[in-house]
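Residues per chain, in single letters:
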Amino acid sequence: MAIRVNPKLIDELETYGAADVQNCYHCGNCSATCPFSKEPFVIPRRSMRNLQMGLEEKLKGTFEPWLCYYCGECSQQCPRGAEPGETMMSLRRWLTSRYDLTGISRLFYRSWKAELAALILVSLVTMVAFLVMGFSLGHGSLGVYAGAGALFPDHLVHILDLALAGLLAAVLLTNAIRMWWLTTGRNRNLHISLWSYVKNVFLLPYHFLFQARYSQCEKKLPWLTHLAIFLSWVTMEVLVILLLERFHSPETVWAAHVFGYLATIGLLGGTIYAMVGRVRKRETHYKHTHPTDWMFLILIAGAAFTGIVQHASYRWLGLDSVANIAYLIHMMFVVPLLAVQIPFSKLSHLAYRPLAMYLATVHTDALASQQAGAAQTEPVRLAA
Amino acid sequence: MSFEPKIVGFLCNWCSYTGADLAGTSRIQYPPNIRVIRVMCSARIEPDFVLRALASGADGVLICGCHPGDCHYSEGNYKAMRRYPLLKRMLKDYGVDNDRVRLEWVSASEGQRFADIVTDMTERVRALGPLRIKTDLQTDMVER
Amino acid sequence: MEELKIGVFICNCGSNIAHHVDVDAVREAVEAMPGIAIARSYKYMCSNPGQEMIARDIREHQLNRVVVAACSPRMHEKTFRNACRNGGLNPYLCEMANIREQCSWVHSDQLAATEKAKALTNAAINRVRYHEPLESLTAEMCPATLVIGGGIAGLTAALELADAAHQVYLVERTATLGGNLARVDLTAPHLDSARDLLTERITRVRANSRITLMLNSELQSLAGYVGNYAAIIRTKNGSGEVQERKVDVGNVVVATGYQEFDAGRITHYGHGKLPNVVTSFEFEQMLRKGRIETRHGKLPQYAAIIHCVGSRNKEFHPYCSRVCCMTALKYAHELKSANPACYVSDIYVDMHAFGKGHEDFYKTTSEVKTLFLMFEKNERPVVRKAGPNDDCEMLIEVNETLSRERIEIPADLIILMVGMEARADSGEVARLVNISQDQEGWFMESHPKLDPVATTTDGIYIAGTCAAPKDIPDTVAQARAAAARILGKIAKGKIEIDGVFAEVNEDRCSGCRMCNELCPYSAIEFNDQTRRSHVIPAACKACGACVAACPSGAIKGRHFTVEQLHAQIDGVLA
Amino acid sequence: MARVGVFIGQFHSDSRIAFDSLASYAANLRAVEKVRLLGLRPKVDVKSLAEEIRRERLDRIVLAGDSPGYFKPAFTRALELAGGDPSEVRLASFREHGAGSVEVTDRAKAVLACAVHGVPYPLVAVPKPTVVHPATLVVGGGVAGIQTALEIADAGKQVYLVERTGTIGGHMAMFDKTFPTLDCAACILTPKMVAVHDHEMIELLTNSEVISVSGNPGAFKVKVRKRARRVDSSSCVACNACTEICPIWVWSEFDSQLTHRKAIYIPFPQAVPNAYLVDPEACAWVQSGGTRCGVCVKKCPKECINLGEQDQTVEIEVGNIVLTTGYDMLDAAKVERYGYGKYPNVLTSLEFERMTNASGPTGGKIVTKTKQKNRRLKVEEWVADPKGPPPRSVAIIHCVGSRDTNYNPYCSRVCCMYSLKFAHLVREKLPGAACYEFYIDMRAFGKGYEEFMERIKAEGAHVVRGRTAQVIEADGALVVKGEDIVQDRLVQYPVDLVILAVGLVPATGTAELAKLLGVPRDPDGFFSELNYNGDPTYTERGGIYVAGMCQGPKDIPDTVAQASAVAAGVLRSISTGGMGNLDSLTLSDIEERAAKMQVSER
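So the sequence lines, in the order shown, correspond to chains A, B, C and D. When the letters of the first sequence are read in order and numbered with my numbering, they come out as residues 345 to 728. When the letters of the second sequence are read in order and numbered with my numbering, they come out as residues 143 to 286. When the letters of the third sequence are read in order and numbered with my numbering, they come out as residues 1414 to 1987. When the letters of the fourth sequence are read in order and numbered with my numbering, they come out as residues 425 to 1026.
Honestly, the hints are just simulated from the structure, not real lab data. By construction, the Cβ of each residue, glycine as well, lies at the ideal position given by its N, Cα and C atoms. Hints may be right or wrong, so weigh each one.
Subject to a maximum C-alpha distance of 25 angstroms in a straight line, what follows is the list of computed DSS-like cross-link-like pairs (lysine-lysine) [said to hold, decoys possible]:
id	chain 1	residue 1	chain 2	residue 2
1	D	811	D	795
2	D	467	C	1456
3	D	789	C	1456
4	D	789	C	1711
5	C	1418	C	1491
6	D	811	A	382
7	D	811	C	1456
8	D	458	C	1702
9	C	1702	A	352
10	D	789	C	1782
11	C	1776	C	1798
12	C	1649	C	1659
Covered, in the sense of this in silico footprint (three residues per stretch, anywhere, with C-beta under 8 angstroms from a C-beta of chain B), are these stretches of chain C [stated by the list, open to error]:
id	region
13	1502-1515
14	1526-1533
15	1847-1857
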């Protein structure tokens, strides 16, 4: 059964950032150089080929783009300047939009103005919601930051955080399940035993926390900056969402704050380093920047900065009203960051990356056992 | 060691000799039993040369020329074509088997065909064994 | 008979001969033979030290015969004759034994090959004993030239010769000049105008008084030899009746070009059946008329170009037609320029973008988002009509190599890159001017590197695509190369002809006149007074037919005498 | 008079053309009604264009720019829609006629004027013929130079053949077999070298270089520096006595550094002139100003060594100059990932050519290099020893530094075929050895090339589509890592020998020579021909021709054809006058001629 070629897909992918993939004349140099390219996942050439030919079903069915951590070795060696690294990055953006059923992610990637508008809208709504909640409902006053009569009482914010986190987890989970279905579930030729699913489950937290694969790259600095930003973000999330009351209460022991300070330094330092790298465009993986990357970095930097200002003004200077305003602005950065970026944009990779590693191992086990069983498997055919 | 026949090949310079050279440049292997004598045209081959060869120890004679119509001198190969049947009838009277003397057309681009002809003829003459009636052929030769 | 001093020189030809023939064994076997003054072997006899060795040995050992056992005489007989001449020995006292093309290259068994080499060398030695010194003839060189074919090759060669103040007769079969290039709009890779190039050449040809232009004309017959050809040209003028005209020329340049492969012969491309499957030349027509659309006037949203139609496969032509890849890339650009919204797919085997500026052109074609799909050369794509709910006219199904998928490509317009093949009547032209053709019908050059434009027949040259598929710059270069050889010969004024013509021995000739009609070149005339036949040296082409046919053996074939051949027969069987 | 519309567009972003001054020039040409600047790679809407043409009632469209052909189809369609004659779209290609930069705006204007008049530029741009001195200078003694020299000399004209190294023959002399017929390069080249040596009309100046050129087309005065050979080539009979005694060992360039040669040496036994020469940088006597060594002088039986010989400068008068300077190979070490220079058994193709040559350092045997102590220089070095171990498996990598924007963006045209030849030689000389060939596009386009490729594949060479990414060393053996695109899997083959088909670059010194002669060069550094299709062997400078590799990579048959083609131009110019410099023509000359010129199209 012949698969239909769709030459139009490449135009769509251009908006996701894959501007030069059509220059590739398939010399195989990138697949041979890529440190992560191992059977059965030969990257990046196969994905580029599927993209060039517009085999949308087949592209949706692979998680290979998630196995690339953009060390840039392939783009440097590419004889045609087809930017395989950037193509894989764009494919990740495209897959993110594919896993999201609502189509919002696709809208955001195709026009960055839409995403910016969404971000601004969400932050304004947050502002209004907080103000309304603060003044009218909670009868808090601008002057009081914590305790009774606080403009933004902890318990209310806490409930809001938990609700938001639950909602986002749900959305992210559905996308992850869709990713599993597209790449593995609907593939009838692949028989994966339940045991191999269970056996490898430990991989999810392992890759989530340490980005183990990223560390195998030759250049360690990109991994370390990413790890710094990630761990600081996680600690901040834990402190703010789970331990909000204890973190905010006056007598919290200084230890919690140290974590807070470290996380902020990590976040601010990491994002600034990334932004400077993207401006100077010296390393290959910083050469091309999609608008969504800018928004993502600005949001995190903004959240971290306003977080410190709010903390300093309350803890060190005792200016409650300034702290409240800072906190409000902080929320105007954090809520859009979580509400928009996690389900529909770049931040959703925190779920897809570990899942991809997990599925890769599961697939390899299945293929290996199938190979051992059958003499010679037909190349993987997807259901129509 | 099996009998190795000696075959004399008269090749015309413009087509068959060039074809044999092409077999060389294309490294097409064929048995070494044939020994080639170059003439300018197949019309130059006198029946007397064939007799001389058979008398001097050849077990077979191959005459090659251009395909009819291709001759560099436009009609030389027709003359060879006319002389050949008379020669073959006379050779039969001397008891020379039909397969021992052959006339073939080989063009400048038929290296493979030349090699196949030589291989086939070597096998046939080897099957016929050595030509024993050399002596009496010698005496009948007309001395020039 | 003076005392024989024969020098035998055996060549290793690097490893070409030495690899299978034990050269020293041959030298030792030869050394012991009677009359051998010196027997040597050297790595490259045809090189400077090799030839000087021959000349030096002739002088030091007063050699009066030389045998060179090396490559084919068709390759270096002239070279070794010159070496003998430099040593002061008549060049015709040299004989070659072909122990490379007809020995070491074709027999891998070293023992048998060495035995055969000995026999061949021995035959040459026997033969050379009977060689006699001969003098070559000189003949006048007529400065006029006949150029057959009015395409870019013929025009360029004609101009090159006419601009050097020599008369040229340009014969063109059709009514117009330009040949196949006249049907092309732009050329790859710089998209320059083919029309301007032809307009320039045609205008200069028509304005040049030294070029006699004969349109609607064909070569009827060609007689004579290099420097002295008599060509009869047949012209059909407007009213259909035919005139014949005889022209005397010194040389002939064959520039008859190629014909396009008939795409209809590949049934599953559907050319002739599906309306929107066009050949490259049909597409050029559409480009020139500005109507790049499907048969019923729709702008093609999908266009596909299929390479190697008729080329590079076992059924039709095994060779590559060399220019279609770049032409296909040109079409991709032209399609995109005429209709930017068009999606172009290019279905190829290997992208032959080898020339100057070709790879850049290939890259710019990728940059305009042409989709390149590769197939195995013997698994050709299949074209079929699309279904009603498809958004395209036709679908092409093929096993795509780069993705190992069986795919189906949408196409509203399909362009078949038809290959080049020898013209149907190239056989007649070859016979008329006495040159040979290879299996595919292309004219054969005497040696691709030694002499790419000359042929086995002196004075006949080939240029352009009639010898093999090639692009415009290579065609122009070959046309000028042929002109250069002719200019060189004309400048020397005289031409040297081999002194191997036949000769009648008066006292043996019985006057039977059998040889007179027999000679295809009527080079034998009958003297009524002496009642004897007589050979005209200049006209004799030394085929030897008369020598063999003379009942009284009165005609001596110089350099191919009966004694020489008998000695060679005995030698080869020794 | 036809109403003409001029549209000026640009396809290549890097072309520096004075568009606005061209637009103003076009505006005040009599026939021109409308001029429009389209900018870089314009997206032309055919409907509105057709409307504009109909509104302006234009009969002829002139498309000007660096490569206006890229826009022609759209304009042809528009003109046809507007009811005009589609054949009335004319091109004024500045790139094609060498008018691609600001400095030659006048010529661009001339090209534009011709297009407006509907006259091809080359038809009118014919400089006044000049009287041409019958002697010709050929620069470069490779197969191209030899062929040109012989063609011209055979026609009875004097030729000066200048060759930089000690012998003529160029790179072709290094090869053993040549594709596709596998006949030996020496059998083709050496007889021609002998013909050059014996030819009374050819004066051979080896070990010499052109240092200055003055005068104008048809009458050049050329200064040639004849570097001292320090051996009298007329009396030397190459008896090797001097080289045996010479104590200085240096790497042999001719043998591509596979073996050593002495300070006094002959490049190869069949060299022409067949005499020794002294390498001034290596010779101890020369370096020490005559105080050390000099043992060879006494040893020479015919006393033809004169170490004190000084360089000379010779001035010759010639009418034409032919450039056949050939090529060099890109420095393979630049492509680090293939490990040339790091791993001894990674060879360039020229080194392998010398290794397979029967008169080469290993007598034609294919061997891997082994580490050996060099007694003379007391140092360990990797040497290709004829008795060394033959490789069990060989890898040949195509496109090393070619078709690569990081090195040479162009294709070097000959590597696919000689790599196939190598695969054949490996299979023929080492029947047991495995041979892997990594290619991107197998470019077998010439006469008999495709059949040659099929024969090699049938002989069992593994021909893998997919360029090797890197060569690494793993436990003693070299490993080539790549992707087999057709089989769609990663491959790793342990091999003992890797041959790199390295890309070709213009010969060193081409830049200086081009500046000296005023001949323009293209972005890749090769000489630019006057016209890609019409005049591939002429240059803009009257009386200066190019042939062979120096104009762009090409194989031997195409080189020989170009060399002969040059001879045609030279002989014609001597008999009926040669072409002057293209820029000797003024704009007004061309405008007049274009106006009066009657063209015939069929």
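*Of the hints given before, which are not true for this structure?*
2, 4, 6, 9, 10 and 11
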